[in-house]
Amino acid sequence: MSAPAEPLAAEARVAPRRVLWALLRSPSGAVGLAIVLLLIVVALLAPAIAPYDPYRMASGPRLAAPSWDHWMGTDQLGRDVFSRVVYGSRLTLMIGTIAVGISLTAGLLLGLIAGYAGGWPERILMRLVDVVFSFTEIVIALACLAILGVGLINAMIAIGIASIPFYARITHSVVLVEKNKPYFEAAIAAGASHLRLIFLHLLPNVIPTLIVVGTLGVSTAVLAAAGLSFLGLGAQPPQPEWGFMLSSSRDLISRAPWMMIFPGLAIAITVLGFNLLGDGVREVLDPRQRAR
Amino acid sequence: MSGPLLKVRDLSVAFGPVQAVDGLSYHLHAGETLAIVGESGSGKSVSSMALLGLLPQRSARITQGEAIFEGQNLLRMSEREQRRIRGNRIAMIFQEPMTSLTPVLRIGQQLTEALTEHRGLSQRAARDKALEMLRLVDLSDPPRRMLQFPHELSGGMRQRVMIAMAMALEPDILIADEPTTALDVTVQAEILDLMRDVQARFGTAILLITHDMGVVAEMADRVVVMHRGKKVEEGPVKTIFNNPRADYTASLLAAVPRLGARSAEDGPRPIIAQPAQPGEVVLHAEGMCKQFAGRGSLFGRSSGTVAMKDVGFSVRAGETLALVGESGSGKSTSGRAVLRLLEIDSGRIALEGEDMRALSSRSLRKARRAMQMVFQDPFAALNPRISIGRLIAEPMLIHGIAQGSELDDRVAALLRRVGLEPDHMKRFAHEFSGGQRQRICIARALSVGPKLIVADEPTSALDVSVQAQVLELMLELQQTMGLAYLFISHDMAVVEEMAHRVAVMRQGRIVEMGPRRNVLDAPRHPYTGALLAAVPKPDPAALRQKLPRLNLKEIPMGSLVEVAPNHWVAQ
Numbered sequence: 001m002s003a004p005a006e007p008l009a010a011e012a013r014v015a016p017r018r019v020l021w022a023l024l025r026s027p028s029g030a031v032g033l034a035i036v037l038l039l040i041v042v043a044l045l046a047p048a049i050a051p052y053d054p055y056r057m058a059s060g061p062r063l064a065a066p067s068w069d070h071w072m073g074t075d076q077l078g079r080d081v082f083s084r085v086v087y088g089s090r091l092t093l094m095i096g097t098i099a100v101g102i103s104l105t106a107g108l109l110l111g112l113i114a115g116y117a118g119g120w121p122e123r124i125l126m127r128l129v130d131v132v133f134s135f136t137e138i139v140i141a142l143a144c145l146a147i148l149g150v151g152l153i154n155a156m157i158a159i160g161i162a163s164i165p166f167y168a169r170i171t172h173s174v175v176l177v178e179k180n181k182p183y184f185e186a187a188i189a190a191g192a193s194h195l196r197l198i199f200l201h202l203l204p205n206v207i208p209t210l211i212v213v214g215t216l217g218v219s220t221a222v223l224a225a226a227g228l229s230f231l232g233l234g235a236q237p238p239q240p241e242w243g244f245m246l247s248s249s250r251d252l253i254s255r256a257p258w259m260m261i262f263p264g265l266a267i268a269i270t271v272l273g274f275n276l277l278g279d280g281v282r283e284v285l286d287p288r289q290r291a292r
Numbered sequence: 293m294s295g296p297l298l299k300v301r302d303l304s305v306a307f308g309p310v311q312a313v314d315g316l317s318y319h320l321h322a323g324e325t326l327a328i329v330g331e332s333g334s335g336k337s338v339s340s341m342a343l344l345g346l347l348p349q350r351s352a353r354i355t356q357g358e359a360i361f362e363g364q365n366l367l368r369m370s371e372r373e374q375r376r377i378r379g380n381r382i383a384m385i386f387q388e389p390m391t392s393l394t395p396v397l398r399i400g401q402q403l404t405e406a407l408t409e410h411r412g413l414s415q416r417a418a419r420d421k422a423l424e425m426l427r428l429v430d431l432s433d434p435p436r437r438m439l440q441f442p443h444e445l446s447g448g449m450r451q452r453v454m455i456a457m458a459m460a461l462e463p464d465i466l467i468a469d470e471p472t473t474a475l476d477v478t479v480q481a482e483i484l485d486l487m488r489d490v491q492a493r494f495g496t497a498i499l500l501i502t503h504d505m506g507v508v509a510e511m512a513d514r515v516v517v518m519h520r521g522k523k524v525e526e527g528p529v530k531t532i533f534n535n536p537r538a539d540y541t542a543s544l545l546a547a548v549p550r551l552g553a554r555s556a557e558d559g560p561r562p563i564i565a566q567p568a569q570p571g572e573v574v575l576h577a578e579g580m581c582k583q584f585a586g587r588g589s590l591f592g593r594s595s596g597t598v599a600m601k602d603v604g605f606s607v608r609a610g611e612t613l614a615l616v617g618e619s620g621s622g623k624s625t626s627g628r629a630v631l632r633l634l635e636i637d638s639g640r641i642a643l644e645g646e647d648m649r650a651l652s653s654r655s656l657r658k659a660r661r662a663m664q665m666v667f668q669d670p671f672a673a674l675n676p677r678i679s680i681g682r683l684i685a686e687p688m689l690i691h692g693i694a695q696g697s698e699l700d701d702r703v704a705a706l707l708r709r710v711g712l713e714p715d716h717m718k719r720f721a722h723e724f725s726g727g728q729r730q731r732i733c734i735a736r737a738l739s740v741g742p743k744l745i746v747a748d749e750p751t752s753a754l755d756v757s758v759q760a761q762v763l764e765l766m767l768e769l770q771q772t773m774g775l776a777y778l779f780i781s782h783d784m785a786v787v788e789e790m791a792h793r794v795a796v797m798r799q800g801r802i803v804e805m806g807p808r809r810n811v812l813d814a815p816r817h818p819y820t821g822a823l824l825a826a827v828p829k830p831d832p833a834a835l836r837q838k839l840p841r842l843n844l845k846e847i848p849m850g851s852l853v854e855v856a857p858n859h860w861v862a863q
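Taken in order, these protein sequences are the chains called S and B.
Just so we're aligned: the first sequence equals residues 1 to 292 in this note's numbering.
Just so we're aligned: the second sequence equals residues 293 to 863 in this note's numbering.
The shape of chain S in the complex, shown without the other chains (with noise of 0.2 Å):
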């Protein structure tokens, strides 16, 4: 395996561009960030890159199979999957980043102050956590759809709200481990005041964690998106959402196998891609992780 150096690692902390560059010479750093990137353009290009608009009936013949003039064939209603996919790209970006925003800001909050105030807080805090957190989180979600109401935008929220405890609880164990550091004393001892212990001390040595564990929530939250539009509670129609269009496609499976292929394998690719990038940058942001 071509491991990089361990002080190229080690100086990694520092400069961001020793990152990427870090993450390019591992082999799945590279593979996800590329798949990662690749969506990305996908989703800012999509007008240009789409032969068909995505939500025009009888671009073609209905329930097409795959040919020169569409990539992907078309649905029942002789709409371009090819495009659909395209534009879906745009919605899983989404789901992805608002999701995780919710849940990782919500819960790094959670986590830090539980983590910093000890005592009667961090009990309260983390045993309401716990609770939370012994529910499926797919449940969690469909019991604040059913409070939201039924949307695309919703199971966003609903998804973030669902994995809060997840990311809580990662900060909080952070927090434990780092304020029983020496250096955490010295800047008690300095006399800093708590916000400063707070966002300057701890924060900064909680956040690579974060981003590792981001990253890999990304794919958990584009998977649970599908599946709750899968289930009709997500994206409505005509969204073209992947999980959406995996579940109107069910009864056409044996006649239209292309609705379904399609739209599965680029759920399958995207959540690949964030799976491998989150390995990626874990390599990179703790050395310690390649020695083992």
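Do not rely on the hints blindly, as some may be mistaken.
Taking CB as the label site, the calculated pair distances span [as the list claims (entries may be wrong)]:
| hint | chain 1 | residue 1 | chain 2 | residue 2 | range |
| --- | --- | --- | --- | --- | --- |
| 1 | B | A538 | S | I207 | 46 to 56 Å |
| 2 | B | Q356 | S | M94 | 54 to 64 Å |
| 3 | S | P27 | B | E635 | 43 to 53 Å |
| 4 | B | D602 | S | I207 | 44 to 54 Å |
| 5 | B | L689 | S | G118 | 21 to 31 Å |
| 6 | B | P848 | S | P121 | 21 to 31 Å |
| 7 | B | S757 | S | T136 | 58 to 68 Å |
Listed below are the simulated DSBU-like cross-link pairs for lysine-lysine, each with C-alpha atoms no more than 35 Å apart in a straight line [as the list claims (entries may be wrong)]:
| hint | chain 1 | residue 1 | chain 2 | residue 2 |
| --- | --- | --- | --- | --- |
| 8 | B | K743 | B | K658 |
| 9 | S | K179 | B | K743 |
| 10 | B | K658 | B | K718 |
| 11 | B | K658 | S | K179 |
| 12 | B | K658 | B | K522 |
| 13 | B | K718 | B | K530 |
| 14 | B | K601 | S | K179 |
| 15 | S | K181 | B | K718 |
| 16 | B | K530 | S | K181 |
| 17 | B | K530 | B | K299 |
| 18 | B | K421 | S | K181 |
| 19 | S | K179 | B | K718 |
| 20 | B | K522 | B | K299 |
| 21 | B | K421 | B | K299 |
| 22 | B | K522 | B | K829 |
| 23 | B | K299 | B | K601 |
| 24 | S | K181 | B | K299 |
| 25 | B | K299 | B | K829 |
| 26 | B | K718 | B | K743 |
No lab work stands behind these hints: they were computed from the structure.
Ideal Cβ positions, reconstructed from N, Cα and C, are used throughout, including at glycine.
Got chain S sorted already, so can you dock chain B onto it with the hints?
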């Protein structure tokens, strides 16, 4: 005598592009002790791990050389052959007795395993042999020890078990990698005694890897001095200590603090022409008590451990009070309590007459300006994600001392003050060596112009040559700025170099306190005497007398009584 037992020739080990061991050659004869000494990064551990095939396979490469043991080259052996030799003919004991025993297996199981494996003994015979070995290493109640788990034993007991385990197969060579570094000095003395006894009994050759010149002087027949992967000198122990040929050996020996070197003087060595003399009392603490809570359960708490009981002392400006003691004596707790990094149960702490315990958290933050701390582990005491310049500036920012370009100037001046370059400001902690990091910590502590610095084992993580420089810097700063030091250490020789006054702690109490000369040269408390007797002397001619056997139950642990002016001893 027949030829050497082990012949190492031209051994070289590389970690990637870095040459960790470069052309090392030595012989080890049956029954002798060969010490390999060197500072961190000298390749002393790596070279011995290579013998047993214990190098990390992915990163380390043996580039050349051979190690002939019984006509076979240890370095070119198959994994299978290595296993036959490892533990059986060549055994190893490690620095950390805490981690080198498997935590989930009983002592007995771990001991008998090697015997059944290598010797093919029956369970019963192996058990008898294991018991015999435990008795041999002087562990009390061997049958009970056999059933215990490693965490139930103290560090010294674990190292005894390790020795029993290593010696059970009666190996020809015992490799001991810093066997006593993690242990308290009295325990260290016992383990060294034990190793000598065992060696005399079995005629084992010992390859002793250490950085401690005192241990070398006490144990070794011959010495190999290593520096940056190369052997700089080899010879009989007396020659090495008395007539070192290499400059490096001489400088290494010169840097070793020697207990008794300053017994004729009252204070520490003057670094500047007119050192500041001890002045007003800066810190006064009395009656400090702290009990750590026991394990809580649903039904109340078990009684906890007493970390401090009725501890009191005072420190004057320009004066160093050393707190010495072994692990668990409460010396670090006292240091942290003084800074209110830890809340005590009762007692009074006054800094320049102000009652620290009465302060609100806001005024405490302000008061922290006057008291700063230097930590033991300079690797952990600096936030890895903040640049050095910002770390040093932080206390000044917090206390509103300087801003903008003035702040930068002050940071640059502080860096220069502790012997670093101002353009180091932009760098991060991991780019510095241990000694440099400790200088950075000192610069940070100095930045707010404190009156008192609590230094908790500030040099115990450093190599001796670096230690000498850091100690000199601390002395110089004290003598020019009139700083008060509360100097926490387990190393009696370092304490002698630094302290005006010494307080000896044991089990959370001060058992003896007084001027350094009184306490170190004429100790009045038996425990102080035992501590001093246990310190290995870096002089092969000075044979340590047999350790005084302390009857731990009869050590006076009562209240302090003044036996001479300012000299207090527990009754």
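Consistency of the hints with the structure:
1. B/A538 - S/I207: 46 to 56 Å: holds, 49 Å
2. B/Q356 - S/M94: 54 to 64 Å: holds, 60 Å
3. S/P27 - B/E635: 43 to 53 Å: holds, 51 Å
4. B/D602 - S/I207: 44 to 54 Å: holds, 45 Å
5. B/L689 - S/G118: 21 to 31 Å: holds, 26 Å
6. B/P848 - S/P121: 21 to 31 Å: Since B/P848 and S/P121 have Cβ atoms about 46 Å apart, the given range 21 to 31 Å is violated.
7. B/S757 - S/T136: 58 to 68 Å: holds, 60 Å
8. B/K743 - B/K658: Status holds; Cα separation ~13 Å.
9. S/K179 - B/K743: holds, 27 Å
10. B/K658 - B/K718: Cα-Cα ~28 Å, so holds.
11. B/K658 - S/K179: holds, 22 Å
12. B/K658 - B/K522: The hint is violated at about 51 Å.
13. B/K718 - B/K530: The given pair, whose Cα atoms are some 47 Å apart, is violated under the 35 Å limit.
14. B/K601 - S/K179: Distance of about 27 Å is within 35 Å: holds.
15. S/K181 - B/K718: With Cα atoms ~23 Å apart, S/K181 and B/K718 stay inside 35 Å; holds.
16. B/K530 - S/K181: Violated, because 43 Å separates the two Cα atoms, which is more than 35 Å.
17. B/K530 - B/K299: holds, 23 Å
18. B/K421 - S/K181: violated, 44 Å
19. S/K179 - B/K718: Between S/K179 and B/K718 the Cα gap is close to 25 Å, so the pair holds against 35 Å.
20. B/K522 - B/K299: holds, 17 Å
21. B/K421 - B/K299: holds, 31 Å
22. B/K522 - B/K829: Holds: B/K522 and B/K829 sit about 26 Å apart, inside 35 Å.
23. B/K299 - B/K601: Answer violated: B/K299 to B/K601 is near 55 Å, above 35 Å.
24. S/K181 - B/K299: violated, 45 Å
25. B/K299 - B/K829: Holds - the C-alpha atoms of B/K829 and B/K299 are around 30 Å apart, at most 35 Å.
26. B/K718 - B/K743: Status holds; Cα separation ~28 Å.
Of the numbered hints given earlier, the model fails hints 6, 12, 13, 16, 18, 23, 24; all others are met.
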